[in-house]
Amino acid sequence: MSDIKIQSTVYSIIIITVFMALLLVYINRKLVKFDPLSQPKGVVLLMIMLTETIDGMVRDKTNDEVAKYLTPYIMTVATYIFLSNIAGLFSLETPTSNYSVTLTLGALTVILIEVYSFKARGAKGYIKSWFEPMPPFVILNVLSKFSTLLSLSLRLFGNILSGGILMSVIYQMLGSVSKLIPFMGQFNIMGVLVAPVLHFYFDLFSGVMQAFIFITLSISFIAKELPEK
Amino acid sequence: MEKALMAFAAALCVLGGCVTGIMEGKVAVKAVESIGKNPDAADKIQSMAIIGAAISETCAIYCLLVAFLIIFILGA
Chain A
1 MSDIKIQSTV YSIIIITVFM ALLLVYINRK LVKFDPLSQP KGVVLLMIML
51 TETIDGMVRD KTNDEVAKYL TPYIMTVATY IFLSNIAGLF SLETPTSNYS
101 VTLTLGALTV ILIEVYSFKA RGAKGYIKSW FEPMPPFVIL NVLSKFSTLL
151 SLSLRLFGNI LSGGILMSVI YQMLGSVSKL IPFMGQFNIM GVLVAPVLHF
201 YFDLFSGVMQ AFIFITLSIS FIAKELPEK
Chain B
1 MEKALMAFAA ALCVLGGCVT GIMEGKVAVK AVESIGKNPD AADKIQSMAI
51 IGAAISETCA IYCLLVAFLI IFILGA
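Protein chains in written order, with the numbering used here: chain A, 1 to 229; chain B, 1 to 76.
It is possible that part of the hints are untrue.
Claimed, not checked - Once the Cα atoms are required to be at most 27 Å apart in a straight line, the calculated DSSO-like pairs of lysine-lysine come out as: (1) B/K44 - A/K61; (2) B/K30 - A/K224; (3) A/K145 - A/K224; (4) A/K61 - A/K128; (5) A/K124 - A/K61; (6) B/K44 - B/K26; (7) A/K119 - A/K145; (8) A/K41 - A/K30; (9) B/K44 - B/K30; (10) B/K44 - A/K68; (11) A/K224 - B/K26; (12) A/K5 - A/K41; (13) A/K68 - A/K145; (14) B/K3 - A/K61; (15) A/K128 - A/K145; (16) A/K119 - A/K61; (17) B/K37 - A/K61; (18) B/K44 - A/K224; (19) A/K61 - A/K33; (20) A/K124 - A/K224; (21) A/K5 - A/K33; (22) A/K145 - A/K61; (23) B/K30 - A/K61; (24) A/K119 - A/K30.
Claimed, not checked - Not everything, but these chain B residues come out facing chain A in the computed CB check (under 7 Å): (25) I51; (26) A54; (27) S56; (28) L64.
As the list claims (entries may be wrong) - The following residues of chain A were derived to be distant from chain B, with all beta-carbon distances above 10 Å: (29) F19; (30) I54; (31) D55; (32) T71; (33) I111; (34) L112; (35) S129; (36) L143; (37) V177; (38) F212.
If you are wondering where the hints come from, they were derived from the structure by calculation, not from laboratory data. No residue lacks a Cβ here, since even glycine has one placed at the ideal position from N, Cα and C.
Kindly generate the complete structure, drawing on both the sequences and the hints.
Here's what the structure looks like:
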């Protein structure tokens, strides 16, 4: 047991999972108490708008039957990726800068793609789809499935990791700049002044953007496997 | 000397991102142009442009990752 090393992101994953569960319980309480005839406001309004947006995105590309089961998955993944990406703001280690996490998220999407492909084509058609258009193309088909997995997971990982590394480099640079200012001692005054804007870009904007891109790509990859409307 | 070569190699890797930057700009330009021509299709064009930009960005991210690997694994 002693030579098993626990990665430091595991703790922030646990914290985020617990926080997400508590948040969902809180939102559920609010939604159950909500009177459908009254004017929605606050958390309820936010949740209605978010659900409508994502449900619209899913319904736009797929059909109603698929959307019933796909929308909850997409919303869960979006919430988790968003919370993970902004975890750096709360001085937690960002889980999405650990490749295991993003690889798991990518693998989930790739498995869903295969499941929907199997459902749409049936067992015979699914096996046939691996050998399309000619039997030797099976190698290319297998490679293309792996490249989907790699590109989905590496995009998220690379973006968030590079944001984190850039922020730490900038903090070091600002620290050595603020040492030149007299009377301030070791206090990183430049960091306090400059870093919030960069945090806004690298954590908030990039986090929202990457979560959005991940779910958009997941939806369109899954929609590609469905039969024509 | 070896460290300097590694830094140079990492810099060369990131150079691949330049092309991606230009081409992603092109995606944005074309999206704006087509929204100007056909404002009704703005929603569809927007999502297509984001998907296109995201897929072409993969190349730059691979470059960045290779540079990180060179710096943090070879250089450590």
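Against the structure, the hints:
Taking the CA atoms of B/K44 and A/K61, the gap is about 11 Å. The hint holds against a cut of 27 Å. Between the alpha carbons of B/K30 and A/K224 the distance comes to roughly 24 Å, so the proposed pair stays at or under 27 Å and holds. Only pairs whose Cα atoms come within 27 Å are accepted, and A/K145 paired with A/K224 is accepted, the gap being roughly 13 Å. Proximity of A/K61 to A/K128 is assessed by CA-CA distance (about 25 Å); at most 27 Å being required, the pair is judged to hold.
This hinted pair checks out: A/K124 and A/K61 have alpha carbons roughly 25 Å apart, not beyond 27 Å. For the proposed pair B/K44 and B/K26, the alpha carbon gap of about 18 Å is at most 27 Å, so the pair holds. With a CA separation close to 17 Å, the supplied pair A/K119 and A/K145 stays within the 27 Å bound. A threshold of 27 Å between alpha carbons decides the hint, and for A/K41 with A/K30 the separation of about 11 Å falls inside it, so the pair holds.
Of the supplied pair hints, the one linking B/K44 and B/K30 holds, its CA atoms being roughly 13 Å apart against a limit of 27 Å. Straight-line distance between C-alpha atoms of B/K44 and A/K68 comes to about 22 Å, which keeps the hinted pair within the 27 Å bound. Using a Cα cut-off of 27 Å, the hinted pair A/K224 and B/K26 holds, with the two alpha carbons roughly 25 Å apart. For the given pair, A/K5 sits about 46 Å from A/K41 by alpha-carbon distance, which is inconsistent with the 27 Å threshold.
About 25 Å separates the Cα atoms of A/K68 and A/K145, which keeps this hinted pair within 27 Å; it holds. With a CA separation close to 50 Å, the supplied pair B/K3 and A/K61 exceeds the 27 Å bound. Proximity of A/K128 to A/K145 is assessed by CA-CA distance (about 15 Å); at most 27 Å being required, the pair is judged to hold. A threshold of 27 Å between alpha carbons decides the hint, and for A/K119 with A/K61 the separation of about 17 Å falls inside it, so the pair holds.
Simply put, B/K37 and A/K61 have alpha-carbon atoms about 24 Å apart, close enough for the 27 Å limit, and the pair holds. For the hint linking B/K44 to A/K224, the alpha-carbon distance of about 16 Å falls within 27 Å, and the restraint holds. For a cut-off of 27 Å, the pair hint linking A/K61 to A/K33 is broken: about 33 Å separates their Cα positions. Between A/K124 and A/K224, the direct Cα distance comes to roughly 19 Å. Compliance with the 27 Å bound is thereby established for this hinted pair.
Simply put, A/K5 and A/K33 have alpha-carbon atoms about 45 Å apart, too far for the 27 Å limit, and the pair is violated. At roughly 21 Å between alpha-carbon atoms, A/K145 and A/K61 fall within 27 Å of each other, so this suggested pair holds. Annotation: proposed proximity of B/K30 to A/K61 holds, straight-line Cα distance about 23 Å (limit 27 Å). Among the hinted pairs, A/K119 with A/K30 is inconsistent with the structure: their alpha-carbon atoms are about 36 Å apart, more than 27 Å.
Hint status for B/I51 relative to chain A: holds, with the closest Cβ pair at about 6 Å, below 7 Å. For B/A54, the interface hint holds, since its Cβ comes within 7 Å of a Cβ in chain A; the closest pair sits about 4 Å apart. A cut of 7 Å between beta carbons decides the hint on B/S56: the least distance to chain A is about 11 Å, and the hint is violated. Proximity of B/L64 to chain A holds as hinted, the smallest CB-CB distance being about 6 Å (cut-off 7 Å).
Separation of A/F19 from chain B is adequate, the least Cβ-Cβ distance of about 28 Å exceeding the 10 Å criterion. Listed as outside the interface, A/I54 is consistent with that label: its C-beta sits roughly 13 Å from the nearest C-beta of chain B, beyond the 10 Å cut-off. Look at A/D55: its CB is around 15 Å from the nearest CB on chain B, clear of 10 Å, so calling it non-interface holds up. Annotated as non-interface, A/T71 keeps its C-beta farther than 10 Å from every C-beta of chain B; the closest such distance is 16 Å.
For A/I111, the shortest C-beta to C-beta distance to chain B comes to about 21 Å, beyond the 10 Å cut-off, and the non-interface label holds. Residue placement check: A/L112 keeps its beta carbon more than 10 Å from all beta carbons of chain B (closest about 18 Å). No beta-carbon of chain B comes within 10 Å of the beta-carbon of A/S129; the shortest separation is about 22 Å. Non-interface call for A/L143 relative to chain B: holds, since the shortest CB-CB distance, roughly 15 Å, exceeds 10 Å.
In this structure A/V177 is separated from chain B by more than 10 Å, as the shortest Cβ-Cβ distance comes to about 22 Å. Listed as a non-interface residue, A/F212 fails to keep its Cβ farther than 10 Å from every Cβ of chain B; the least gap is roughly 7 Å.
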